[in-house]
Amino acid sequence: YKPDAGIVNFFGFPESLTSHEDRSEVDAEAPLYDCFGHSCIYLIGTEFRDDPPTSLVLDSGDILIISGESRRNFHGEQIPLIIE
2 YKPDAGIVNF
12 FGFPESLTSH
22 EDRSEVDAEA
32 PLYDCFGHSC
42 IYLIGTEFRD
52 DPPTSLVLDS
62 GDILIISGES
72 RRNFHGEQIP
82 LIIE
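Going letter by letter, the sequence shown gives residues 2 to 85 in the working numbering.
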């Protein structure tokens, strides 16, 4: 895989990333890389918005890679807590 673009999202306190699916990419097989500037609890769901998500505790500087079948899953569902 050769990346051809990058997106930087900046969220200040107490902003968060709402639940979404990445559907605009042409290549659904390309992995999604997220790097976190603040420690947080990140939620990743399934392909169905109403399924309960899994909570991940991430520290500042952690990298999350979403690939394979989970690439189209809902993620970022209202980051419930940013840990300063």
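Honestly, the hints are just simulated from the structure, not real lab data.
This structure is a prediction, so every number in the text was calculated from the model and none was measured.
Cβ coordinates follow ideal geometry from the N, Cα and C atoms, glycine included.
It is possible that some hints are incorrect.
To be verified - Pair by pair, the computed Cβ-Cβ distance ranges are: (1) 27 x 61: 29 to 37 angstroms; (2) 49 x 18: 27 to 35 angstroms; (3) 64 x 13: 16 to 24 angstroms; (4) 13 x 52: 17 to 25 angstroms; (5) 56 x 27: 24 to 32 angstroms.
The hints, checked one at a time:
For the pair residue 27 and residue 61, the beta carbons lie near 32 angstroms from each other, so the given range of 29 to 37 angstroms is met. Between residue 49 and residue 18, the C-beta spacing of about 19 angstroms breaks the proposed range 27 to 35 angstroms. For the pair residue 64 and residue 13, the beta carbons lie near 21 angstroms from each other, so the given range of 16 to 24 angstroms is met. Our hint of 17 to 25 angstroms for residue 13 and residue 52 is violated, since their Cβ atoms are close to 29 angstroms apart.
Look at residue 56 against residue 27: about 31 angstroms separates their beta carbons, and that is inside 24 to 32 angstroms.
When each numbered hint is compared with the structure, violations occur for hints 2, 4.
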